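*Asks:* Since chain S is already given, all that's left is putting chain U on it; use the hints.
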Amino acid sequence: MNSPIESPRSQNRISDKPRFSAILLIYVREMRDQLRDRRTLFTIALLPIMLYPLVGMLLLQIAQFTREHSTTVCLVGTENLVSVPPLLDGEAFSAKYSDEASNLKLLVDGSADLSTEEETRQETERWVREGTFDVVVIFPSGFRDPELRRTSKAAAIQVLYNVASDESLIAHTRITAILSAWRVDWVSESLAAAGIDIRKLEPFQLNAIDLAPEQTRETAFWSKMLPFIMLVWAMTGAFYPAIDLVAGEKERGTLETLLCSPALRSEIVWGKLGAVTSFSMLTALLNAGSMLVTSTLVFKQIDMGGGAIGPPPLAPMLWLLVALVPLSGLFSALALAVAAMARSSKEGQYYLMPLMMITLPLVLLPMLPGMNLTAGTSLIPVTGMFLLVRTLVEGQYTDALLHLPMVFGVTMGCLWLAVTWAKRQFESEAVLFGGQEQWELGMWVRHLWRDRQTVATPVQAYACGAIILVALFFGKLAVTTVPSGLAGLTKMILAPQLGMILMPALLMSLMLTTSVRKSLRIRMPHWITLPMAVLLGITLHPMYLMLAEWITYTYPISEDAMRAMQPFTEQIQNAPWISLIFLMAFIPSVCEELAFRGFIFAGLIRQRGRMRAVIITAIMFGISHGVLQQSIAATFMGLLLGWISLRTGSVLPGMLIHFTINTLTVSLDRIATSGWRGSELFITTSQAGPAYQPLWVVTSIGIAITFLIYFAVLRPRIDESQVDLLDIDPHLPDPVARRPLAQ
Amino acid sequence: MIHVQHLTKTYDDLSRGCFVAVDRVSFSVGRGEIFGLLGPNGAGKTTVLRILSTVLSPTSGQASVAGFDVAADPSSVRRNIGFVSNNTAIYDRMTAWELVGYFGRLHGMSRDRLTERLEILFDQLRMNEFRDLPGGKMSTGMKQKVSIARAMVHDPPVLIFDEATLGLDVLVARNLLGVIRSLRDTGKCLIFSTHIMSEVERLCDRIAIMHQGRILDTGTLTELRERHNEDEFEELFFGLLSRHEKESEQSWKEEIDFNSKTSPPGGRGL
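Quick mapping for you: the protein sequence lines, in order, are chains S and U.
All residue numbers for the first sequence refer to our numbering, where the first residue is 1408 and numbers rise by one.
All residue numbers for the second sequence refer to our numbering, where the first residue is 627 and numbers rise by one.
Calculated from the structure, these hints are not laboratory results.
Treat the hints with caution; some may be incorrect.
The calculated DSS-like cross-link candidates involving lysine-lysine, where the alpha carbons are at most 30 angstroms apart (straight line), are [to be verified]:
hint, chain 1, residue 1, chain 2, residue 2
1, S, Lys-1503, S, Lys-1607
2, S, Lys-1512, S, Lys-1607
3, S, Lys-1560, S, Lys-1512
4, U, Lys-769, S, Lys-1753
5, S, Lys-1753, U, Lys-763
One-sided and incomplete, this derived list gives chain U residues near chain S with beta-carbon spacing under 7 angstroms [stated by the list, open to error]:
hint, residue
6, Arg-705
7, Thr-714
8, Phe-864
These numbers come from a predicted model, not from an experiment.
Ideal placement from N, C-alpha and C gives every residue a C-beta, glycine not left out.
Only chain S is shown next, with the shape it has when bound in the complex:
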């Protein structure tokens, strides 16, 4: 195979192992430095300790205020209450309907000087609107007549209230309750008078019993609330020290002092990461502790919501602590990497918001109703961790144990990625020493044109991916009608594929790079990889179907979505085979591969970004599919395609694999029903549709693995990740000799 070109520097570089003693030294210094800072101490220790008691005090005040506020009610036309069961007892409601503690201020009959009913109406309406009374109850003169009050609207009791006022609303509820109770008494009295046994009205008793143990009921609320609160604190707790330890040091000039000391970059990152993680955890812990103490005291004082919410129990707090360690680490690493990009503390603050916005949904997700720990949710970073904690808190240990490896794996994976990212930031000169340049649109456009390179820069690659995804999102919103006929189907597939996926990549490659061919990675790999790609596609297809099946099993497609997709599926079944292959296999494989494994991949792989290129293009490729189930399958597929494309250095093998798999997906049932005898060897047809023979599935997996091993030993003809150094010939003793130097 071809030997890759590697820079002589990277070959010779002696790798140092980080020393634990140095990491500890840096950690201790950073901790001491932060503890000597008054601002840090304030936000991390003092604020939480003071904040919750203050908020608690405020809550108590408010509770007292609502309790002391009395409801004022005006009754008009009490003289019309004749020959009815007693509602009033002198100047108050009779004790049966209202107890002493209820704080009801009653003004009986304020209408002595109002002559007509119309005037009374206007006057009382004004009282309620202006808040003189919270509610006014009018007994019209027609109420005297037993027949009239039963039938006529004009003789009905009127309760005037104002929805815009909370007090009025409360008063209305109370008055309605009193009047209803009065009516029930009245009914039973009449029934008794008519000789009917009242007890017959209630043939049975109803007693609802909540079987959830005390523990679950108590924790139901807290296991949803606490993660959210703690995580937000862990995040803020991580961010401020991170800004100070990286962006702040950059600003004060102490970072360079550290960088020219014998401490390795990795030692600096680990030391600082340790300090930031400690502060993140400390913040979360102090906040949780202070909240626990305060809320226990406050909830004892006021009875909120009828005792549904008690003080947080100790058990979930302890489980949360266990989860806090990796999550604090994760946030700290993210914060450290983001803070490294900032040149000053002020700039660092600007980056806090986007990071929060990205992580908050993951924290909010576990709070949604119906979110439980399943194989699917355990794969979501952060969310899975909290669902696991909740499961532990609720005492479902077997469930928790079952998903523990998955959650642990995902969390560790994320942590590793975040730490790697942070380390990369510390190795980047542009990040550490980037100057504060004036930015100007005209200058920037000129720079884009003048300094075009053969392939896209990483930033351009990210931009291209973002443009494609945003365009697809709005494109999807624009399509409201289901296409009819082949023409409609063609339009529905071609528009996004050509216009929203291929077009941005092609335009950017034309305008921002000097070589369309190189920037889209259209180069001939070793010829044997092409037939192998087709065979790999064929042998991977059974596995792909299994994956898709597993995904629909784990994340079932909703009935609504199925129904919405029904016409589309029918269109596909009725379309001619050849046009279907063109639309569903050829077009997507060309457009998507050129955009994702072509332009974007070429940009992301630069600057030693092999992993970055494979993972990020896979995620973008996945998101571009729109439907969750398809997105997951496509992400896995994207990882494989990206890896193949990395190994071959070209977009073409991936295109062939993509084309083969898509072709097989749309043609499976046609092959099964084609009557071709050989098809029975591979495909069985049952009621659920065509499927692969189990024997072929096993064989195909074996063959696919063999092919993959072959690809694993492949080396691309040029090493794209070192593309920035390509113009330096490693064989020349003095690389400068070949370099054109203009200045």
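*Replies:* Just chain U now, with coordinates in the frame of chain S:
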């Protein structure tokens, strides 16, 4: 001790495109020698010294310090140098004693050796009266002394001073030059960059004059004077600079003419 050959560093710059900050610079410095890098602001002195201190890595060319290549074995290089720069500040919330001790321990010095060394350094640089003062409360001169002590704590064979006298008053600057001279006498290899000519005249054994990323001329003061037939050092310096500017302008024009005749306008590729 220091060998620099064809060292080049380029940056991507928004307004200038691919900007060559250091352009094929070569020089060597031996033991017991003070080498002066003289040049106006933006000449590329700091970039050269940052590459030597392994904070930046070179785009091409080679540089070795005390026998170690800066690109291949940066941590060995860092163990053998002391770097004092305008950009290497000290921590605000650490006392002088703590700071110097911290860097000593990063160098892996044992506690006993470190204490001994600290006492010597604090005596030598007359820093005992502010040994417990936090960095935030120090004057510029005190800070500079702490920086020098920090760079010297592990007794490195090579010391690099980048614009070390910038912002110091005459008294402190004079003191610093004295320290540097005494270091030379103990056999250290020193690089001293500045844009102040009198310092170079008084201090340096050999001088390189840098401008726009290139070394225009190098040699001892006498050599330079003889070669350019100019006794006044300041005149010599400005003469060199203006001659270089004229030449580079000329070559620019030629290059533009050449380019417009042979190749279409556009990018330069990688």
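*Asks:* Arg-705 of chain U was flagged as interface toward chain S. Is the shortest Cβ-Cβ separation under 7 angstroms?
*Replies:* holds (5 angstroms)
*Asks:* So if I understand the rule, the pair passes when the alpha-carbon distance is 30 angstroms or less; does Lys-769 of chain U with Lys-1753 of chain S pass?
*Replies:* Judged against 30 angstroms, a Cα distance of about 25 angstroms means the pair holds.
*Asks:* Take a quick look at whether Lys-1560 of chain S and Lys-1512 of chain S sit within 30 angstroms of each other, Cα to Cα.
*Replies:* Answer holds: Lys-1560 of chain S to Lys-1512 of chain S is near 28 angstroms, not above 30 angstroms.
*Asks:* Is it true that the CA of Lys-1512 of chain S sits at most 30 angstroms from the CA of Lys-1607 of chain S?
*Replies:* The given pair, whose Cα atoms are some 37 angstroms apart, is violated under the 30 angstroms limit.
*Asks:* Next item in the hint list is Phe-864 of chain U. Is there a CB on chain S closer than 7 angstroms to its CB?
*Replies:* This interface hint is violated because 21 angstroms lies over the 7 angstroms limit.
*Asks:* Under the criterion that the straight-line Cα-Cα distance not exceed 30 angstroms, is the pair Lys-1503 of chain S, Lys-1607 of chain S satisfied?
*Replies:* holds (23 angstroms)
*Asks:* Quickly compare the C-alpha distance for Lys-1753 of chain S and Lys-763 of chain U to 30 angstroms and report which way the hint goes.
*Replies:* holds (23 angstroms)
*Asks:* Hint Thr-714 of chain U vs chain S: min CB-CB distance below 7 angstroms?
*Replies:* At about 4 angstroms, which falls below the 7 angstroms cut-off, the nearest Cβ of chain S leaves the hint on Thr-714 of chain U intact, so it holds.
This entry does not satisfy hints 2 and 8, going by the numbered hints stated previously.
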